[in-house]
Amino acid sequence: MKITGTFLDEISHDIPHQNWGREEWDRDFAHMKAVGIDTVIMIRSGYRRFITYPSAYLQNEFGCYKPPVDLVEMFLQLAVKHEMKFYFGLYDSGHYWDTGNLIHEIDSNRYVIDEVWKQYGHYKSFGGWYLSMEISRRTKGAVEAFRTLGLQCKGVSGGLPAFISPWIDGKKAVMAASSELSKDDSVSIKEHEREWSEIFDGVRGAVDAVAFQDGHIDYHELDAFFEVNKKMADRYGMKCWTNAETFDRDMPIKFLPIKFEKLRLKLEAAARAGYDKAITFEFSHFMSPQSAYLQAGHLYNRYKEYLKSLNNQ
Amino acid sequence: MKITGTFLDEISHDIPHQNWGREEWDRDFAHMKAVGIDTVIMIRSGYRRFITYPSAYLQNEFGCYKPPVDLVEMFLQLAVKHEMKFYFGLYDSGHYWDTGNLIHEIDSNRYVIDEVWKQYGHYKSFGGWYLSMEISRRTKGAVEAFRTLGLQCKGVSGGLPAFISPWIDGKKAVMAASSELSKDDSVSIKEHEREWSEIFDGVRGAVDAVAFQDGHIDYHELDAFFEVNKKMADRYGMKCWTNAETFDRDMPIKFLPIKFEKLRLKLEAAARAGYDKAITFEFSHFMSPQSAYLQAGHLYNRYKEYLKSLNNQ
Amino acid sequence: MKITGTFLDEISHDIPHQNWGREEWDRDFAHMKAVGIDTVIMIRSGYRRFITYPSAYLQNEFGCYKPPVDLVEMFLQLAVKHEMKFYFGLYDSGHYWDTGNLIHEIDSNRYVIDEVWKQYGHYKSFGGWYLSMEISRRTKGAVEAFRTLGLQCKGVSGGLPAFISPWIDGKKAVMAASSELSKDDSVSIKEHEREWSEIFDGVRGAVDAVAFQDGHIDYHELDAFFEVNKKMADRYGMKCWTNAETFDRDMPIKFLPIKFEKLRLKLEAAARAGYDKAITFEFSHFMSPQSAYLQAGHLYNRYKEYLKSLNNQ
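Protein chains in written order, with the numbering used here: chain A, 683 to 995; chain B, 683 to 995; chain C, 683 to 995.
Just so you know, the hints here were simulated from the structure itself, not pulled from any lab data.
Hints are supplied without guarantee of correctness; some may be wrong.
Copies of the same chain are indistinguishable here, so a pair counts whether it falls within one copy or spans any two.
Straight-line alpha carbon distances no greater than 27 Å define the calculated DSS-like cross-link-like pairs of lysine-lysine that follow [as the list claims (entries may be wrong)]:
1. 912 / 748
2. 684 / 748
3. 913 / 806
4. 763 / 806
5. 767 / 912
6. 921 / 715
7. 806 / 921
8. 986 / 684
Pulled out of the complex, with its shape left as it was, chain A reads as follows:
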């Protein structure tokens, strides 16, 4: 299973910024391309008051800061240059994380979606939408809101695909800043299937692909969860992607690049389950030869060797 997409973690919640300029990003897109990545997904167009493009709407309505660079434009242009598809991640007001309520996200993104499509929709690299609010079975109430957002994205852009990347409420689903490393009441596979079937049913037609984060369950649980995910995706007419996390959730430093062996286990489980595509969170910090985390460059090399071994089979 080859990784063919990556998030671009701008604006970041919890991963320290690398302070790259256009030159570094251009070089990074080339590194991505060299290992077969054809899709880049900007994880969110803004988070609270920080935004990725000079949105008149968000500055006026929410007091967002004027961004020093138009990252949306830059990423779209680099995607054109490197022949990739760019997915636009919706604005995240932060209220959802605080309240579990998507009202603010619907209100703000109604304008953002129109503004962005008008301003950037002409780029041939504009390939789709990412509904950036993460859900798990705990936030089922959000389904209707996701449906609304997905339909608006698709409607305005002539049907460009929209996807979500939820998390499985599993063992390792603890807050990033917490000092605990696991969680007792992990969700069982049956509950997972029952509750997610409801969610999938609710968003069908509005969401084209679902890319579950693969880092919240243990490695020997992957096959069981992945099989169910693929079955549900097929049943409700969605593509089944995996979000192969390239950071290590098992370590006290939150977060550094994952051990290659762990990534391989996860990719091979996705392959066995017949998944359609693998994307990762995320290349530039955790897999790039120019990452500030030098372990990432070694992961890149191990991954390249792995690709080579696949091709020789």
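Got chain A; can you put chains B and C on it based on the hints?
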């Protein structure tokens, strides 16, 4: 607003050491100079049993370890070479952090100040004093002690300036080792002004400049707090500096370099408030091209581009 | 006191992986050799489901994952090439950490020891055994189990030495993932001596050397503890090694390389106490010029200067 001063974080409380020798420090002073830094401030001359110069007094009285290198001498010499001013940070016994009581700091620093001035006062780079114990409104009882220390520093050295770098008891004032990221009972601006006016009144004449740490409040609160700080500094006859923190307080890894956009917001707020000088905590880990944190080198590059854009205006 | 041994932290509990391949490891062994390291100790042959060599037994009985590389073979071969001794660390099922009970470790390692000796015992670099389960005075019940494991290791291999690396239940013995930095009820030296004398008595004949971790006590406590450790080791006929930790336990980031001054204090205390050997946890992350933590390369340089100064005395 240009950063013209930096702390030298030796001995460190909470930032892992880079293990640099004289060669690396020499090179780092050159990197500082290249972006306009003319002031280096040794954050403390010792912390508990670790000390920066071979103080007979501290070794005999407090059981401090014999330091492998005389950092005070080295920094003073490098400051001469690179034409900078060096500020000496007082000894920190650690008792203050445990008890909020400055008695031990007064006792020990009475000797340290004399010893240091006798030993190093002849260096032409010896430019001032840093009262290294951090205060906030919670430690108002410490005011009298600060006054004593400041007056002694100035007295022994023919009036060389002394400064403090307190923290605002704001949203993000949580312990470095804590897993929480914010704090409910943040101080309001009015309380801040009332309580700090008392403190400023108490230390006037003994403290020449106050450099509030700028990282404990949210970015949209900067203008309001900075305006009050400048007003108070003017009223009580002090210089108003900003301590522009170059590490990111918003991330689970404590601490890596800040995103340039955030630094810029803080520097521009300081400029709008008419601040006299910007110093940073600190260049060598968080902004230096040779930092072990490679994000720092990129921050350096972004900052240089910013300086260039200011000059072109 | 020269460091002549290092752990190889594969599989890691808590230190993020560097993703090195054979080329990087080969180069790292050369870096080790250049500063006098003649002993490498694989910290454990497996942890829960991750293993370092393709053990048929562990895969069948415990559902361990097939490892992508045979690290045991690679390390043994590199040890031959660089003329070092390799110590094999036992399998760690993880149950001991959860329960304090070593039953599972005895059961599984009974097979692992035989399997490993049969498969790799012919390598001339196979130099000994490391009983990888860490004990402190709190886990005295484990003594009999340690005895059993040690005797089996020695029995199967014609008496190759076995060692343990326990921790002192001191001030800094807090969990890696905890946000606290110290601990009130540190053990007094008297208790330490009384309880460890019992443990040493229980494992004598089965354990040839004991390498206490040196990072759980304060620097000024080193002499007192080290003296007692050496006295006990002599009394019970064991070699007394120090496990000179090269990571810094005093910082919020868990864990980055230690400040050289601290390492030097610990090594010199071990020299004063007449210790037989110093090993470290561990070279490749915290002291290597090619570590992802660039502070490590500077530590390497400071350590080399120190070796040179020792030779010039």
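Hint check:
Taking identical chains as interchangeable, the C-alpha atoms of residue 912 and residue 748 lie at most 27 Å apart only when they sit on different chains, with a minimum of 25 Å there against 42 Å within one chain. Taking CA atoms no more than 27 Å apart as the test, residue 684 paired with residue 748 passes between copies only; the shortest distance there is 20 Å, against 38 Å inside one copy. Taking the shortest Cα distances, residue 913 and residue 806 never come within 27 Å of each other, neither inside one copy (33 Å) nor across copies (53 Å). Taking the shortest alpha-carbon separations for residue 763 and residue 806, only the intra-copy value of 11 Å comes in at or below 27 Å, while the best inter-copy value is 55 Å.
For a Cα distance limit of 27 Å, the shortest separation of residue 767 from residue 912 inside one copy, 24 Å, qualifies, whereas the shortest one across copies, 49 Å, does not. Within a single copy, residue 921 and residue 715 get their C-alpha atoms as close as 23 Å, which meets the 27 Å cut-off; across copies the closest is 53 Å, which misses it. Proximity of residue 806 to residue 921 under the C-alpha cut-off of 27 Å is restricted to the intra-copy arrangement: shortest distance 23 Å within a copy versus 54 Å between copies. Taking CA atoms no more than 27 Å apart as the test, residue 986 paired with residue 684 passes inside one copy only; the shortest distance there is 10 Å, against 39 Å between copies.
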